[in-house]
Every structure is written in structure tokens, then in C-alpha cells.
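Trainee: Okay, here's what each chain looks like letter by letter:
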Amino acid sequence: MDLRALFGFASLPKPDFISAYEKSLERKIPKRKPLSEVAFLVLDTETTGLDVKKDHVLSYGSIQVLHNRIRISSSKEFYLKPKKRNREAIKVHGLVQVRPYVSRERVIRTFLEDTRHKVLVGHHIGFDLAMLERIGKSLGLRKIKNPALDTYDLAVRLDRGRYYDPHTVPSKEYSLDHLCERYAISLDDRHTAAGDAFLTAQLLVKLLKVAEAKGIKTYGDLLG
Amino acid sequence: MANVIVNRIIDFLKKYPPFSFLSSELLGQVAAEVDLLYFEKEEFLFQKGEPAKSYFFVVKEGAIKLTDKAAGVEETVEFCDEGDVFGVLALLVKRPYILNARANEPSLIIAVPVGIFEKILNENSQVSLYFASGFASGQVVVRSGLSQTQQVRDLLGRKPDENGLMLLSGQRTLQYSHPVVQCPVGTSVFKAVTQMSKASVGSIMVVDENQHPKGIITDKDLRNRLIAKGLSYDTPVEAIMSQPVVTASKELEFSDVYLNMVKHRLHHLVFTEDGSPDSPLLGIISDHDILLSQGNSPAVLIKALQESEDIHEMAKLRNQAEGMLKYYLENELSIDFIAGILTEINDTIIRSAIRLALTKLQPSFPEVQELDFCFLGLGSEGRGEQLLRTDLDNALVYQDVPEHLQEKAQSFMHLLSRDVLDVLFACGFHSCPAEMMANNPQWCQPLSQWKRYFSQWIREPNPRSLMMGTIFFDFRAVAGKHSLADALTQHVYEEIRQEKVFLNFFAKNALLNPPPLGFFRNFMVEKSGEHAEKFDIKLRAMMPLADAARVLILSHQVVGINNTFKRYEKLAELEPNQASLFKDAGKAYEIFMRIRALEGLANESSGRFIQPDSLGKLQRQLLKNAFFPIDEIQKILKVRFQLDYFGN
Chain A
629 MDLRALFGFA SLPKPDFISA YEKSLERKIP KRKPLSEVAF LVLDTETTGL DVKKDHVLSY
689 GSIQVLHNRI RISSSKEFYL KPKKRNREAI KVHGLVQVRP YVSRERVIRT FLEDTRHKVL
749 VGHHIGFDLA MLERIGKSLG LRKIKNPALD TYDLAVRLDR GRYYDPHTVP SKEYSLDHLC
809 ERYAISLDDR HTAAGDAFLT AQLLVKLLKV AEAKGIKTYG DLLG
Chain S
-10 MANVIVNRII DFLKKYPPFS FLSSELLGQV AAEVDLLYFE KEEFLFQKGE PAKSYFFVVK
50 EGAIKLTDKA AGVEETVEFC DEGDVFGVLA LLVKRPYILN ARANEPSLII AVPVGIFEKI
110 LNENSQVSLY FASGFASGQV VVRSGLSQTQ QVRDLLGRKP DENGLMLLSG QRTLQYSHPV
170 VQCPVGTSVF KAVTQMSKAS VGSIMVVDEN QHPKGIITDK DLRNRLIAKG LSYDTPVEAI
230 MSQPVVTASK ELEFSDVYLN MVKHRLHHLV FTEDGSPDSP LLGIISDHDI LLSQGNSPAV
290 LIKALQESED IHEMAKLRNQ AEGMLKYYLE NELSIDFIAG ILTEINDTII RSAIRLALTK
350 LQPSFPEVQE LDFCFLGLGS EGRGEQLLRT DLDNALVYQD VPEHLQEKAQ SFMHLLSRDV
410 LDVLFACGFH SCPAEMMANN PQWCQPLSQW KRYFSQWIRE PNPRSLMMGT IFFDFRAVAG
470 KHSLADALTQ HVYEEIRQEK VFLNFFAKNA LLNPPPLGFF RNFMVEKSGE HAEKFDIKLR
530 AMMPLADAAR VLILSHQVVG INNTFKRYEK LAELEPNQAS LFKDAGKAYE IFMRIRALEG
590 LANESSGRFI QPDSLGKLQR QLLKNAFFPI DEIQKILKVR FQLDYFGN
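As they're listed, the protein sequences go chains A and S.
Just so you know, the first sequence maps onto residues 629 to 852 in my numbering.
Just so you know, the second sequence maps onto residues -10 to 637 in my numbering.
The set of hints was computed from the structure by calculation and includes no laboratory data.
Just so you know, these numbers come straight off a predicted model, no measurement behind them.
No incorrect hints appear here.
Here are the in silico distance ranges between beta carbons for each label pair:
#	chain 1	residue 1	chain 2	residue 2	range
1	A	L786	S	S13	38 to 44 Å
2	S	E31	A	G768	47 to 53 Å
3	S	E63	A	D805	36 to 42 Å
4	A	A841	S	H419	55 to 61 Å
Ideal placement from N, C-alpha and C gives every residue a C-beta, glycine not left out.
Make the full structure from the sequences, and use the hints.
Mentor: Structure, rendered in C-alpha cells:
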């Protein structure tokens, strides 16, 4: 029984792309799948702030990593039109030039299409996914349920093993800036969503090589 | 629609050939299609024998080594560092990889898919030439490749809009005056002068009824042959015209015409339909025309040097020539042309110096003042390849004299040589550390003594003799009686005919410096260390080629060709089945000469030691490709002179 229907709160019919996304989630990635065959979508968002409830997404960038290859052809970069009261925040991020803005629907649609059968990857990915869910809510997206890999967690795990006390981690050392420096990735286009997604993708392919050397060889080893 | 990620790739690729030749639109398309791959140290990208992948590679960060397994040992054939392209050959010829590719350090690699690659090849001729000529790594240059490589570099190296002062290289086609001010045979001088004055020109062509050029009248002719002689203005033009005129075909390259005029000291060159004087007049070019097109004309320099009586002025003029050399090199004029001009300038200095010295010394040596002598250039000077004012190597040969005059002749010639050398030093040339110069009494000798020297070197080919041989066998008559030099050449060939084994020794000597094929490998290995060693381009690249050319040309008994690159041209002609290799060797030599001269000018040095990282990517690849013929030429020497069995 659908209680919401009973009380007349039925949500609008779901757009096709959301239904298609939800359907794609039924197929799980087998645990034995070798890491080199796992498909990743590396993403990043730039936002007006760190409050998931109040702040807004300004831009979205993503790139796919398939078979250990960063596919430049899959790269995406979108800018969302900011609301007036967020102008101050925009200055902080330096996003002052006029962009060809796209709609929220376009961002979510593209994201959901790219994300099928993929592991989502980001540095502090939880925050980015929460922000995307916020945008997607009005479109009928309820939850992003893909497996997610946080490059922060992976980097820490590779240093400290699988079971570590999060409170003892010097988190600054695992910031994107620090990790890029450590893994010899030049910090180009830092603080643009696509630029950070690209840096994160480079970090990912390097971390995965380290992981393989440490015996993390399958999808199950990585996220199981 | 390029996003920051694609732009990042574009910014990287556009720095390196062949991507640097692409339009920004095409580059954007390429960048949007590539993949990025990461390899750990020692990880394989591909292995020998694997079928070609559907993409080729560019090193973005790190370094890749291309290796081959010979006798069970994996040997590095080549290193690719940032911006190097590899894995192309297999794609081009659709066959398996012939080498292994392995990461030498953690490396980020760009993979360019074959689809977009074919699109580039079709749409951009520069890129297809680039690949066809073996510029990418891991490609052995095909035999016929080097002259094409050179062309490609000319093509790639020149920016189309770089015209500014483009004097010669931009001026491939001839710009002669047209129509020409002219009058028929039989015209009175008065009428002719009226025509000249009307057109405000300094010369008029005299033609016959068929428009064939018969002569030319210049202001100077009017002054010397008409007015000074007190002839009437009704004199027909043919009576005072300069004739015959020197004609040329309009098909000639500008640089050829130019060199011709400089060499023969022509004031005018007349162009006719077929290039002969018996064909209709097309146009005329004067040294003045050239002067106008040349801020810094060699014709002017040479003329000034010829007339100079002052050693300081000559030095100043020679400094000016350096600026000209730089300009020629930067504008990719042919080495043949550049070396021709510079040799002419250097020779002119010597001739003028001799003229001055004779005027000064002759009164003190009345008995021997008419003595025949010949000033010889040796080494690179003798080969006509001395672009920079490096060490002097020269000598003087004079006619044999009766015994009672020997002492007088000796001191006269020695003083003469000393004066000439002083002028050359003042003009910025360096003294030969081994004192192989005409001012050394040992190398200022009568013909009979020179013959004894050469006989001795040929008959007793010990290391010292062979070393002497490499320098003295390239002698060239610079000034004075050429017949003395010819007599010496004759003698040398007769001696070699009798003493055939000498050439085997000489050939063995030419193999002392193996080709530097490992140059880039070593450079790469040592790049992080403190041994960022310089490369001795003279010893490792030029001498092996010059030495081989000398031996081969001697074995063919060819007289009068001293340029190394011209020797190879001649060898290509004499041995058609090896023609492509000899042509390549000649081109390689020209490339080395150019790179060395540029290096020398840039660092005010002899240019002999090249800092590999100071070279651009294209130049490094060019240099590397130019090494290949050395090895091949040395193999020929080994076989031909049976050096593997020849006494050690």
C-alpha cells in the first residue's frame, strides 16, 4: 500500500532517465572482477559552501576511467547558473566569467547516464554525492546508490591498512593537494570541478597500481 | 566545447611535433579523443611481436625505453622522454611491434587512437611527412630518408609568416628587372644614353634583330670608352659596349645566381629564354639589385675586402660576415651556398693579405720577388667547410729554386706567410694548436720538399703520418699559382698508385671514431646525474664522415673535390648502387655543419661541443637520424678495405 498515494502526496511521474538509472542498479558488479576491468566515474563538484542543506552546486566535472585508461573523450564540465545571493561565494571560487550555463536536469541526466555500472570516485565523494542528490531531488532522484570509492579513504588505507582509527589520521596529509604532490601530479586547473576531477582520476590510476601491488586485485578487495 | 580537461591535453600536445603543426581545430579534435595511461616503473606498454595496438603513444610524464632482446639480453635501443612519440611504425605499416616498450620510471602516457591519427595524416601534409621521414622514436630511418628528412625539416622549421627580412630563402624565384631598357645594334650612343636617362637606369642592353643580347653599356663604359677616348656621340653602341654578356637561365635558383655573381664578380647577369646568349632576352639582374635586397651583401663585403688596405678594416668586415652567416643559417639556406660564400670571403682575406704583404716585401727580395708560390688551405679550410673562425690550418708551397737562392726564397716566403697569418689572426681566426700553419717554417716549403713529405706519409703510414694525412690531404689552392698545388696532387696520386696499402691504413684510421648511436640513450640515462655531458659533434659525427669521404674519394682518384658533402655527391655518382647511402651521408654532414655553426654562433665558441638539452626536439631528432649513415659508411669501409683482416 502506498501511503503517499493514499494521502494524495504522490510524486510526479519519474523521468525516464531516472527509471533507467534505477534499473541499472539491479546489476551488481561481481566481487571477483579484476580491478583493471572495473569502470570508474571520477567526479567533482564546486559548491557555494560546505553545508549540504544550504549551499548550491556551481559546477560539475567528471571523467571516466576504463581499463586503467583515463578517457579524455568522456570528460564533462557543466556550469549551473548561480542564485543571486551566492555571488559572494562565487568570488571566493573565482568563477566570475560568464559561462554557458546548463540546466539542473541536464547535469543530473548526464551524470546518471555516465554512472551506470560504474564505481563513483571522488575526493571526499560523500559530499559531492549529497550535493548531487540535492539537485536531483526535485527531478525525482532519491538516492545515488552506486558503489562509491573515496580517494581519501583509499590513500589512507594504502598507508595504514584496512582497519585504522580515523581519529589518528593526519587528514591534511591526505588532502587532494598533498596527495597530488606526493604522487607527482601537477596541480593544473585546481578548484574547477573538471580540473579536480581530472586530478582525482590521475590520482586514482596511480593509487590503483599501488593497491594492486599490495594485493588489492579485485573489485571485492577494493570495496567488498 | 573543449572543457578544462581537453584544454589541458591541448596545452601539452601543442608544444611537441607533430602536434605543433596542427591547426587549433584539429588539435582540439585529437585531444578530445585521447586516453591517458599510467605505467609503473618497468611495466610493459607493449612487447616485441605483439600486433600493433589501435593507437600510438606520446610520453606526457616520465620516460619510456624501447628495448630489444639480443642474445637473451634486453638492450635499450632508445629512450623517449616528455613529448616523444612512439609506437607509430607498427601502426603505419600494420605489422607487429619490433621493439618492447617499458616504463623507465613511473610514466603517464597519452594514447592517440588510430582513427583520429589517420584523419591527421590525411589533412595535414606536414604531419604525414613528419612520420614518413622517421622522426618518431623507434623508427630506423630508411636509407632514402635523410634528404627527405632535411626537406621536411626545412618545411617544418620555417614559419610561413616569417618573412620580414627574408632575403634569399624567401626569394626562391628570381626577381629580375623586366622589361629591360634596350636598344638594337647600330643605335648611336647618344640615342642610347637618352633612353637610359629617361628610364633613369645605369645600363642599357644592346640586342640584335632576334632580341638576342649582344652587349651591355653602363655608365662606366660611357666614361672609360667614350668620353675618356674623346669619341663622338654618334658612335654606334656596339663600339663601346661590354661583351660578351654572361647569361643564365631564369630557372636557376636565386642562391645559384647569387653565388655565380659573387664568384665571378659579375656586375650584371642577363637572363635569356634558354639561358644561352643565343636566345631572346628576358631580363637582367645587377649586383646593385642584389645589394638593395640585401642589407648585408656578401658581394659588397667581398669587394670591400678586396680593396681594403687596412688590417683593422678587414677585421671589421670579417666580423660583419659573421652576422650574415647567422642570418643565412637561421633562414635555412643551403649549406652548399653558405659554405661557398664564407669560403670566398675567407679566401678573399687571404688574397688581399698576400697582395699587401707582397707590396711590402718585394722590394727587399729583388732576386726572388717573382717566385711562384701557392697558399694552401688545409683541413676544413681546405675542404671549404669552415663556417666559423675556428683554428687555422694552412701551408705554403713555392717553386723550387737554384741552390744559391734557396735561403733567400725561404726567408721571403716565410715573411710572406707570417704577414698573411697576422692578418688572419687580426680577423678573428684562431691559431692552430699544432701549428699546422704557413708561418711555421716546416709548412712553408718548396714543391720538392712537399713531395717528400707526402711520399713519406704515404710510404710510412704510422699513426702520425695518418693524422697528418687527415689534415694535409684536403689541401686546396687558395691563392697564387694553382699549378703548384696541381703538381702536388698529381704526385700524391702517383704515390698512392704505387703504395696501394696506404689506403687500407687510411681507411682503418677513419674508423677510429665509431658513430654515436647511443648518444641519446646515454644522455637520457645521465640526465639526472651530474654527467650532463656535452657531445663532441666534430669528433663523433663530422670527422668520421669527412675521413671516410676522403679515403673513398682517394680510392676513386678523384681530383679537385674537397667539400665532404660534394665528395659524397660525387661518390653517389660514381657508385650508383650505393648512391642513396652516399647522398644521405652528404646530407648528414650538412646537418652537422649547420648545427655546429649555430651552436658556435650562439655560444661564441667553436660550436664543437653540443649541449643536448639546448637543442629543440626537432633538432635532436634530426641529429639522431643523421647519425645512422655514419655507421653504414663505416661498414662499407670495413668491407671494401678488408679491415677486419687488416693488421692491428
